[in-house]
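Number 258 marks the last residue of the sequence shown (full-length UniProt numbering); no jumps.
No lab work stands behind these hints, which were simulated from the structure alone. Honestly, I wouldn't trust all of these hints.
DSS-like mimics (lysine-lysine), calculated; alpha carbons at most 27 Å apart, straight line [what the hints assert, rightly or not]:
#, residue 1, residue 2
1, Lys60, Lys195
2, Lys161, Lys195
3, Lys245, Lys195
4, Lys245, Lys161
Model, not experiment: these values are computed from the prediction.
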Amino acid sequence: MIFLRRVEIDRGGNAEGYPFSVPALGEWSSLEITTPVTFFVGENGSGKSTLLEAMALKAKLPPATGMPLERDATLAPVQPLATAMRLGWRPRTRYGFFLRAEDFFNFASATRRRAESMDEMADRFADDPRVRGYMFAQKQALTSRYGEDLHAVSHGEGFLKFFESRCVPGGLYLIDEPEAALSPQRQLAFLSLMKTLVEESEAQFIIASHSPILLGYPGARILSFDDGALAEASYEDLTHVTLTKSFLSDPERYFRQL
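My request is simple: use the sequences and hints to build the entire structure.
Right under this line is the structure:
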């Protein structure tokens, strides 16, 4: 399913300074989204994460980790872009979420602290069965959803469990560099999970990524932010792919050149 089908920028207002000064973001006014899985790819600073963040703000997607996006100070720099943005939906969905890799790590820590506070509260009111029972039920609900401790498993395993537990049918998922938490093997597992959600739960994904593994999702549309312009790119021609292939074929040659 494709819920979000168009992103437009109204340049009639205040469209100066950052983030409009990023070359790839300053040169386009309309973007059509034509596939259930779309990738943003480009070098660091090319604007892919900036556009994804602004889209999440404009779409008013629920954050994956609890803090409302409009209260997230780290997103304040992209607010001008979100304000100038218009989104085209057919149909509109309010399911899904926005997630950055660093948000997951923060969420894992917050979940651990929450579980610990429940244990402390249960111990403090050891003589009150009602409080202990309530804390026990809350802790059980937390652990049944996310496991005993997201930090107690590998980051990749925890990320996949977290992601799977938060996904619902008919959702739009904007994700920034999920490979930061995933080994190559876990990236394959993530691809499998994406495929299931797209085909069986009508999910839509827009992902900013550097990973040649994730970028290989069959049928995905890839938009490159390199060379100062936003342009469609083929998987085989991506620098991320050609450089990785070349390096793996002869690592010693690269070390000699470096």
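Structure-based check of all given hints:
| no. | hint | in the structure |
| --- | --- | --- |
| 1 | Lys60 to Lys195 | holds, 25 Å |
| 2 | Lys161 to Lys195 | holds, 16 Å |
| 3 | Lys245 to Lys195 | holds, 25 Å |
| 4 | Lys245 to Lys161 | violated, 31 Å |
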